[in-house]
Amino acid sequence: MSTQSIGIAAGLAQANDRFHAARRRQLMTLVVVVLVISVLPLLVKDVYLQNIMVLTLMYTALSQSWNILGGYCGQISLGHAIYFGIGAYTSTLLFTKFGVSPWFGMAAGGGIAALVALVLGYPFFRLKGHYFTIATIVVAEAALVLFLSWPYAGGALGIQLPAAADNWANLQFGRNKLPFIYTALALATITWLVTWKIEDSRWGYWWRAVKDNPEAAESLGVVIFNSKMAAAALSAFFVAVGGSFYAQFVAYIDPDSVLNFHFSLLFALPAVLGGIGTLWGPALGAIILIPLTEFTRSYAGGSGQGIDLIIYGALIMLIALWKPEGLIGFFVRQPKPLPASADEGAHS
Amino acid sequence: MLIWGTATVLEVQSITTTYQGLIAISDVSIDVKQGEIVVVAGANGAGKSTLLKSISGMERPKSGSVSFEGSRIDGVAGHDITARGIAYVPENRRLFPRLSVRDNLMLGSYLHRKKADRDAPLQQVFELFPRLAERLDQRAETLSGGEQQMLAISRALMTRPKLLMLDEPSQGIMPKLVDEIFRAIVTIRALGLTILLVEQRLIESLEIADRAFILQTGRVVLAGTADEVGANPDIRRAYLGM
Chain R
1 MSTQSIGIAA GLAQANDRFH AARRRQLMTL VVVVLVISVL PLLVKDVYLQ
51 NIMVLTLMYT ALSQSWNILG GYCGQISLGH AIYFGIGAYT STLLFTKFGV
101 SPWFGMAAGG GIAALVALVL GYPFFRLKGH YFTIATIVVA EAALVLFLSW
151 PYAGGALGIQ LPAAADNWAN LQFGRNKLPF IYTALALATI TWLVTWKIED
201 SRWGYWWRAV KDNPEAAESL GVVIFNSKMA AAALSAFFVA VGGSFYAQFV
251 AYIDPDSVLN FHFSLLFALP AVLGGIGTLW GPALGAIILI PLTEFTRSYA
301 GGSGQGIDLI IYGALIMLIA LWKPEGLIGF FVRQPKPLPA SADEGAHS
Chain X
1 MLIWGTATVL EVQSITTTYQ GLIAISDVSI DVKQGEIVVV AGANGAGKST
51 LLKSISGMER PKSGSVSFEG SRIDGVAGHD ITARGIAYVP ENRRLFPRLS
101 VRDNLMLGSY LHRKKADRDA PLQQVFELFP RLAERLDQRA ETLSGGEQQM
151 LAISRALMTR PKLLMLDEPS QGIMPKLVDE IFRAIVTIRA LGLTILLVEQ
201 RLIESLEIAD RAFILQTGRV VLAGTADEVG ANPDIRRAYL GM
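Residue numbers (the numbering used here), protein chains in the order written: chain R, 1 to 348; chain X, 1 to 242.
Source of the hints: derived by calculation from the structure; they are not laboratory data.
Heads up, some of the hints might be wrong.
Stated by the list, open to error - Residues from chain R that face chain X, not an exhaustive set, calculated with beta carbons under 8 Å:
(1) 15
(2) 116
(3) 205
(4) 206
(5) 212
(6) 213
(7) 218
(8) 222
Claimed, not checked - The list that follows gives simulated cross-link-like pairs (lysine to any residue, SDA-like), each with its CA atoms no further than 25 Å apart:
(9) X:33 / X:137
(10) X:62 / X:97
(11) R:323 / X:191
(12) R:128 / X:21
(13) R:128 / X:94
C-beta atoms are modelled at their ideal positions from N, C-alpha and C, and glycine is treated no differently.
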């Protein structure tokens with residue numbers, strides 16, 4: 001027994017080393033990707049392309065945040081626009097009415113969104129599967145109507161962000177896109193790092209367990225309801241931070257430009273396309289989807305509204321048919337199963 | 001070493017549990033003492049699984065009481081019962097099919113906050129089932145039936161339970177591996193655990209069990225030591241065809 005257990009301990013240590021080496025490789029990949037993206041805007045001076053870069057990075061961060069609840073915990077929300085809107089409105093209102101720095105507004109918006117996620121989660125997480133998804137759509141639409149008829153928040157007219165001095169404290173830079181690119185890159189990096197950290201944490205394991213087999217999770221002592229609530233709060237926080245960023249970037253918000261269902265869709269789609277519940281899926285999906293959206297919008301113009309939706313639909317159908325695990329499946333290969341041992345015919 | 005068969009760990013007192021309005025078990029009482037292997041046997045539909053579900057908190061008994069280490073646990077939430085030291089390996093194993101073997105095991109251990117509490121049982125599990133160590137990175141769904149059962153038992157052990165409840169671990173597994181799993185159960189007991197085993201394979205279970213309860217249409221019809229139950233003429237007729 002003792003020589004055997006030494007062998008096992010060594011094997012276990014090796015397996016652990018492999019696991020941690022793989023995680024370190026992920027980090028190295030991130031460093032390389034971030035470096036490349038940092039240099040890119042110095043070479044590409046075209047404002048239109050830089051604009052697309054900001055949006056792509058922003059949606060990477062947003063989809064990564066959506067992925068925490070939708071991908072890892074398996075709770076598909078199509079109402080995350082509500083948190084995006086909360087983030088956008090919180091920082092904008094704080095700035096216009098009280099002169100509070102948008103950085104503080106971001107944190108405040110994130111906090112409020114997390115609270116709202118908990119309040120909504122309390123009833124909603126009693127719903128399963130599609131019923132949960134439908135509830136999230138309904139409540140986001142209700143929020144849209146609410147903001148349309150709320151005079152303090154500008155109602156249907158929205159709020160124009162008053163021009164202040166162009167600096168980092170105000171997160172305003174006039175026509176200069178570079179600072180926004182780097183801020184969006186920072187957001188995307190932070191959400192990536194949070195997800196990376198979660199993957200090997202107790203919450204990460206719990207969320208994946210809740211997604212894969214809730215009953216088995218419960219039999220292992222996982223409190224399903226609390227797990228979902230934690231995922232929802234964290235996810236909402238970062239989506240709201242993204243919302244504040246977006247408000248600063250476009251400098252004008254109205255209910256339709258931050259609470260529209262279109263946003264909820266654009267948080268979910270990159271993750272689904274790239275690989276739901278994976279570390280790189282949202283980024284991969286965003287890099288394909290967001291430029292595509294922007295190009296079709298600018299080439300097709302007003303009459304082309306909806307063309308991007310047709311393209312999304314087609315992409316999702318293709319991915320569902322050929323690569324259900326997402327485009328990431330082309331890059332990552334699953335460890336090959338060892339040949340099953342001699343008890344075949346025993347599959348249940 | 002513990003003295004086996006002294007303190008009662010689990011006491012189920014005349015519980016009745018209904019399933020969709022039908023009485024699944026009625027007035028069932030069993031007890032399990034520290035360090036014992038107790039088998040509950042009976043035909044399909046006798047209420048064996050319902051009994052385990054009533055203990056693990058997945059079903060709520062309509063009447064009667066369940067006590068673990070002296071305190072009532074009927075009505076306590078399932079995850080709390082796990083935290084108190086009862087691990088349950090359900091009939092269909094309930095693995096996380098799309099997660100790796102490693103993730104499945106880690107999930108069992110995250111009940112504990114300290115890293116040492118998570119690593120120690122892992123070592124134990126691999127001594128018990130070395131073949132799992134070779135398959136750490138595979139998805140659980142790619143394991144054979146026997147390996148899946150081993151993984152399910154291992155994952156339950158990762159919660160560091162005091163009482164391990166197994167629902168038909170031999171189901172759908174080839175005979176050679178059934179022996180291996182039964183031997184593992186004996187080893188697990190030797191580690192200081194108490195075991196409540198539900199089985200249809202009465203004869204093999206009696207070989208490793210200390211005591212047995214026979215269920216029939218939701219009632220305990222026979223209880224005794226493994227030898228007594230094995231010697232009972234009705235049992236010999238029903239299970240051995242003698």
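| query | Can residue 116 (chain R) be said to touch chain X, with a Cβ gap under 8 Å? | reply | violated, 26 Å
| request: Would you mind confirming whether the straight-line C-alpha gap from residue 62 (chain X) to residue 97 (chain X) stays at or under 25 Å? | output: violated, 33 Å
| message | Restraint: residue 218 (chain R) near chain X, CB-CB cut 8 Å. Satisfied or not? | response | holds, 5 Å
| request: Under 8 Å, Cβ to Cβ, is where residue 222 (chain R) needs to be relative to chain X, so tell me if that hint holds or is violated. | output: holds, 6 Å
| message | So if I understand the rule, the pair passes when the alpha-carbon distance is 25 Å or less; does residue 128 (chain R) with residue 21 (chain X) pass? | response | holds, 24 Å
| request: Tell me if residue 205 (chain R) is really an interface residue toward chain X, meaning its C-beta lies closer than 8 Å to one of theirs. | output: At about 5 Å, which falls below the 8 Å cut-off, the nearest Cβ of chain X leaves the hint on residue 205 (chain R) intact, so it holds.
| request: Take the C-alpha atoms of residue 33 (chain X) and residue 137 (chain X), compute the straight-line distance between them, and say whether it is at most 25 Å. | output: Violated, because 38 Å separates the two Cα atoms, which is more than 25 Å.
| query | CA of residue 323 (chain R) to CA of residue 191 (chain X), is that 25 Å or under? | reply | It is violated: about 46 Å lies between the C-alpha atoms, which goes past 25 Å.
| request: Could you check if residue 206 (chain R) really has its C-beta closer than 8 Å to a C-beta on chain X? | output: It holds, given that the least Cβ distance between residue 206 (chain R) and chain X is near 7 Å, below 8 Å.
| Minimum beta-carbon distance criterion (8 Å), residue 213 (chain R) to chain X | With Cβ-Cβ at 5 Å, under 8 Å, it holds.
| Per the CB criterion, is residue 15 (chain R) less than 8 Å away from chain X? | holds, 5 Å
| field | Hinted contact residue 212 (chain R) with chain X - closest CB pair below 8 Å | value | At about 4 Å, which falls below the 8 Å cut-off, the nearest Cβ of chain X leaves the hint on residue 212 (chain R) intact, so it holds.
Violation of the numbered hints given earlier is confined to hints 2, 9, 10, 11; the remaining hints are satisfied by the structure.
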